[in-house]
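Each chain is listed here by its residues.
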Amino acid sequence: MSRRESTRPGDRTGWESWLGDRRGAAKPPSLARDLDDVYRVGPGPAEWERARGALSRILGENVPAPLYYARIGRSPVGSLWVAVSEQGLVALEFGRPETEFRRRLEQRLRRPAVRADDPTEEARRQVLDYLNGRRRRFSLPVDLRHLTVFQRRVLEAAQAVPRGQVSTYGQIARRIGRPRAARAVGQALGSNPVPIVIPCHRVLASDGRLGGYSGRGGLRTKAKLLRLEGAMAR
Amino acid sequence: MPVLDLEALVRDYARPIHGYLWRLLRDSSAAEDCLQETFLRAAASAARGDRVTHPRAWLYAVATNAARSYGRRLARGDRREQAMDLDLVDVGAGVPETAERRERLRRVEAAVRRLPPKMREALVLRKYQELSYIEVGAALKSSPAAARANVYQALRRLREWLAEEVEG
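Protein sequence lines correspond, in order, to chains A and B.
With the first letter of the first sequence counted as 1, position 10 gets the number 1058 in my numbering; the numbers rise by one all the way through.
With the first letter of the second sequence counted as 1, position 130 gets the number 190 in my numbering; the numbers rise by one all the way through.
Read the hints as simulated data drawn from the structure, not as lab findings.
The beta-carbon is built from N, C-alpha and C at its ideal position, and this holds for glycine as well.
Be aware that a few hints might be false.
[As the list claims (entries may be wrong)] Take a look, some chain A residues computed to stay more than 10 Å from chain B by CB distance: (1) Ile1106; (2) Arg1222; (3) Arg1223.
[Unchecked claim] Covered stretches of chain B, as calculated for chain A (at least 3 residues, CB under 8 Å): (4) 109-120; (5) 191-205.
[To be verified] Short, incomplete list of chain A residues facing chain B, as computed with Cβ under 10 Å: (6) Asp1084; (7) Trp1096; (8) Arg1122; (9) Ser1123; (10) Arg1151; (11) Arg1173; (12) Arg1257; (13) Leu1258.
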């Protein structure tokens, strides 16, 4: 494994002649040789060891089980991506290109993601029913294992805000026993991996303004969700 | 068609794929990220039971996509700005003897960077990853003849650009 990666030296003649480097004077210096000097020797052993280490931490002895994801093509708030692990919902994202969604998901959870309808069916149905006003609350397990303890506590506190009501960043901060952490609460809610299902839209700024919303459509979507739940006048 | 065997893919190709990504991106952490992305894709395909005719070429295709989308993200600036490392101390070939030589190699590298992605990829795949033109074609989703033409065009352009620099 410590051998440096290199191409066979014998390869050189072939493409020097292709380049015409063997004809004429060697001025300017031969392109074949220059390219070889830059590219023939690849990454050094230390770089490879680091990359290999990182790779095996992801793939491990046993390859991690895949996450499954699927698209909700149309909803009152546009298209959505839904992803589940064996323990529950891990992601709900407002429409963005599939490759981008998948890449971020895989990087965030360090697991391969496979597009599949069946495993995500229940989650998609509940989300869609909710947004169409056919369901009042979710009964979906949510998998938040990959978050920090602080983020989890904030999200759990947000989950406790009942439909039709709102809270503030400051109230959530007090509820989790960190009264001075309103700003960090806002950040944790902003990185909520499962918006709508964990209703971060029910948490507003302390002055009664809407605060922020990182989903697509931003505050318009936040207001739409609150109207849907009857917490805001239509 | 064989089902993908992830363990075998990692064992046989993780290192050359890393070399490929490193050559394309010239940046350690970028190569590391893209290597992970490549094998996560492979793991997903293996989990689905996908069948692939040429696993090696297929893996190079996935790696090529990972490198391209990395390049696009970098261009959009939604990652921390990573200064492309043109410092040839990093080239690994050992520090070139003279300042003049270092400058020349820096120009060569910059010229390779200016090539359209497909030409650069074809050049690296053929000359430094030692894929056959059939495999280069499969990895770049083109015919072997087109792959060959890409390598040829890459060399022709590099010649022109670098000759211009020397004369100009």
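Now for the hints, and whether the structure bears them out:
no. : hint    : in the structure
1   : Ile1106 : 6 Å, violated
2   : Arg1222 : 35 Å, holds
3   : Arg1223 : 34 Å, holds
4   : 109-120 : violated (count 0)
5   : 191-205 : violated (count 0)
6   : Asp1084 : 8 Å, holds
7   : Trp1096 : 6 Å, holds
8   : Arg1122 : 26 Å, violated
9   : Ser1123 : 26 Å, violated
10  : Arg1151 : 6 Å, holds
11  : Arg1173 : 23 Å, violated
12  : Arg1257 : 28 Å, violated
13  : Leu1258 : 25 Å, violated
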